[in-house]
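**Q** Listed here are the chains, written in short residue letters.
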Amino acid sequence: MAAPASYPASAEPTAGFAFILKKAVISALVALVLFFLMIGIRTEAGSSGQLIYWTRFGELASIVGAVFVGSIVIELLRRWIGPVGGVELPASVRGGFAVLGRLLAPALLIFALLVPVIFYNQRYLLDLAILVMTYVMLGWGLNIVVGLAGLLDLGYVAFYAVGAYSYALLAQSGLPFPHFIDTYPYVALDFLQLGQWAFWVLLPVSGLLAALWGVILGFPVLRLRGDYLAIVTLAFGEIIRLVILNWQDLTGGPNGISGIPRPTVFGIPLTPGENGFAAMIGVPFSPTHRLVFLFYLILALALITNWVTIRLRRLPIGRAWEAMREDEVACRALGINITTTKLSAFAIGAMFGGFAGAFFATRQGFISPESFSFQESALVLAIVVLGGMGSQLGVALAAIAMIGGFELFRGLDQFRMLVFGGVMVLLMIWRPRGLIGHRAPTVFLQKRTEISASLVKEGHG
Amino acid sequence: MTTPAPILAIDGLTMRFGGILAINELSFTAQRRQITALIGPNGAGKTTVFNCITGFYRPSGGTMTLVHDDGATFRLDRLHDFRICKYAKVARTFQNIRLFPGMTALENLMVAQHNTLMRASGFSLLGLFGAPSFRAAERQAIDLAREWLQRIGLLDRADDAAGNLPYGDQRRLEIARAMCAQPALLCLDEPAAGLNANESAALSDLLLSIRDDIGTSILLIEHDMSVVMEISDHIVVLDHGVKIADGAPRAVRDNPKVVAAYLGADEEDAAAVMEGGA
Amino acid sequence: MDYFFQQLINGLVLGSIYGLIAIGYTMVYGIVGMINFAHGDIFMIGGFIALITFLILVSIGMTMVPVILLLVLLVAMAVTALYGWTVERIAYRPLRQSFRLAPMLSAIGMSFVLSNFAQVSQGARVKPVPPIITGGYTLHDSGNFAVQLSNVQIVVVVTTIVLLAAFTYIVSRTRFGRDMRACEQDQTMAALLGVDVDRTISMTFVIGAALAAVAGMMYLLYYGLVDFFMGFIAGIKAFTAAVLGGIGSLPGAMLGGLAIGLIETFWSAYFSVEYKDVAAFSILIIVLIFMPTGLLGRPEVEKV
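Residue numbers (our numbering), protein chains in the order written: chain V, 91 to 551; chain U, 350 to 627; chain H, 1449 to 1752.
Honestly, the hints are just simulated from the structure, not real lab data.
Keep in mind that the hints are not guaranteed to be accurate.
Negatives, chain V to chain U, calculated, CB over 12 Å [stated by the list, open to error]:
#1 LEU221
#2 VAL398
#3 VAL509
Between beta-carbon pairs, the in silico distance windows are [claimed, not checked]:
#4 V/SER138 with H/PHE1677: 53 to 61 Å
#5 H/PRO1576 with V/PHE356: 55 to 63 Å
#6 V/GLN504 with H/PRO1514: 35 to 43 Å
#7 U/GLY471 with V/VAL163: 57 to 65 Å
#8 V/TRP520 with U/GLN531: 40 to 48 Å
Note that CB positions come from ideal geometry on N, CA and C, so glycine has one too.
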């Protein structure tokens, strides 16, 4: 990590408007050079394959102008507000926030329970809520690995993919290998005969398979630390995606798998007709029933994830995870087996990723490798880091903010990822330790005192 | 009364890093319920010996044998890593304090009881559903931690982050954490470094009470000769990875080879050896 | 045997490109200890700048290929270097004293920004260019297979060698190089001794980006196309190269680049094209697990 005090933070206390102007002019000039070719000239492959171009100096001028004005505005704001991140809130305000924070979690839970009631007639919002909850669950799952154990995992989407494909393949064809089915027909038949129970049996199976992959992938990377671990997990994630993409016989390659069985209310399908859930409880059939059911399903899965994490944190295994994040060498000196401790974090995190993957498959009814790109891993990691590593509430808030915000920019279409990347950079600069920047102790004698994030380590592995 | 077997017998310990011979054929014993001090000028290889004993380095040669009170015998040179603490019950502290700074003092002491609690929690399964047997074990663990916090005078700071404690308190907390692992042998790497005279005196008392009241054997690396001369039962002097003296404090202090080693290294250290504890 | 030699040539050319990108990773990692995730996208931007400059020069009627190439090279290096500088200034400098994860996520965000900026400003479609440098030599012809060495391949390799020599000179002989190595060792101490740490780090990013621009231009010449998504995979492979060579080591980065280029080419030629990226990633994992210090890296001793 960089050494402290190597550069003075904004050493221009008294400079006046001339300075601001000079800075803005320089920024505008830099922007002009950066954008002159990339924005001023637009290239495109012409009709006969040759390259053509046209100029867009109007757009160029407006962007350079925007940079000029923006630079002035930012500089003025900086003067008024003071340096970013240097503001320490007074104790009374922080106390108020703490009370608010304690009320926030139950309030969010109640709101979540009521979402299908409030938005019953807005399918779009219900869909969005399901999506947000999926990411809350993924965030909570990854939080075990990154936030608690301090292991930087950039390939979390791999377990999401393993869960989704496990469910899809097992539910659709019993067992994926034709010769296996020929050899052991009864095993395959058992899977196919699950019928309406397929989801409920295969959900834990998918989670366990993902956990198994967590151990398989976790084992070789035990010795790696920090950035190396990050890049190896990224590579694992990409390998899984590439294998899915290229193993066409098994996975359908880029075309994906469609017709994945939908979930049932414990064996009762959510379909119109005699045997459907609507007919059973005697209400007219509506496609919204499935959405509501899916929402409560993912809410339940996410809450299980949350409950397990909170419990584990107070158990020796959870404390060992956090201790490992703080100081691995000291852990070894205290007789803690680092190997099993790391593997357990990988496996449990992967398992929840697998559950979420199986849910994703059953919700969409269709999966393809596109849904499991590196961007998903980066998104989930951003949720965890922005949430404040290790904080369950922070992760939930970050998921709502990121996925909700991402949806707000749906209209921007192709600018979406651009804005998303920019927001990621700004959020990191604004709050490098995330929204909830303190750690709650797992056990106490007299009173539970929050621990400031500046003391909490991020882990080395 | 028969003389009890030494808790730790080191025989011909050798440690090589590439071409550098850090420890050369070192042999000494540490007696049960005694404080054995390992001293020597900077770079003599003291911490390397510790790292071999506690499983961080695998020695290039030699044997290290640890015998528990019940006669259970462990070959430390064959055990490795966390197993030394878990099975052979050797706990240590570090020259540059290695607490878990983002966890409270109490949590630090709870982590030290990991293996006991892990068994009690049925490897997390029983614990996950709050089995009564686990709750009882956890209460016991908290009681042990509370007892140690009391001993080191940090009971009122139990719920503060370890990283927020003053330096001297952190030193003592690290010793308490090692003791919560309920070791047969406690290895302390310069516990008095950076402490003032009062704190050093308190530390001496703490170590004596660990030896006399708990009955734990202590192996100590220390530069502060007033502490070493006051509390050690036995001193081993290392220089350039070789043992140059071994004996009771007084005998070691008067040993001309020791004086020469310190004089050769640093005159102030030599003076400290001559005057320390006298 | 001829087929083997042909693959050897192709692999070395591809490896030169990876090596040029890898130097940027290795330098930045050496000095600020972070993986510059946006570096692959800097390479992609370099390719685009080269493409557009080339298009303009041709359309204003320039015909002398060597002059065009030289101008394209200079413009691409200069503009892309400014991209590198800007990225460091905006996304990394405010986080230099921060926690480890923050700069990494900031870098990932910056990578999204750059690749999607290219997509938005230049469109998502692949941009092809006609072959600029044509011709070549037939080294050996056995009747059914001829070993070809094209002029493009010669240009790529020669440019790489020349730039590498110039760059090695800068790092080992100039004041900047000395400052850079001082900052790698200890930034606080370097600052106390009068080294302008900020400027040195900025320069590191600038040089890394300039070399990535060269790689982008070589890629354009060699494959005749650029697209906005090419930075991601190329970036990871170049990072693999940097690690394989021993991160922090400049000759190591080049060596690692050549190794990755050869492995990828031979894998595609003899096993399967679809799984060539899987092969590259697997090698990354194997190298990191079994020789984390790489080929020329310094071993790290665990301090207790």
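**Q** Give a verdict on every hint.
**A** Hints versus structure:
Against chain U, the non-interface label of V/LEU221 holds: every CB pair exceeds 12 Å, the least being about 29 Å. Remark: the non-interface label on V/VAL398 conflicts with the geometry, its nearest Cβ contact in chain U lying 7 Å away (cut-off 12 Å). Residue-level check passed: V/VAL509 sits 34 Å from the nearest beta carbon of chain U, beyond 12 Å. Checked against the hint of 53 to 61 Å, the pair V/SER138 and H/PHE1677 fails, with Cβ atoms roughly 24 Å apart.
H/PRO1576 and V/PHE356 have their C-beta atoms about 56 Å apart, which keeps the hinted 55 to 63 Å range intact. Between V/GLN504 and H/PRO1514 the Cβ separation comes to about 38 Å, which falls inside the hinted range of 35 to 43 Å. For the hinted restraint 57 to 65 Å between U/GLY471 and V/VAL163, the CB-CB distance of approximately 60 Å keeps it satisfied. Separation of V/TRP520 from U/GLN531 is about 47 Å and conforms to the stated range, judged on CB atoms against 40 to 48 Å.
When the structure is compared with the earlier hints, violations turn up for hints 2, 4 and for no others.
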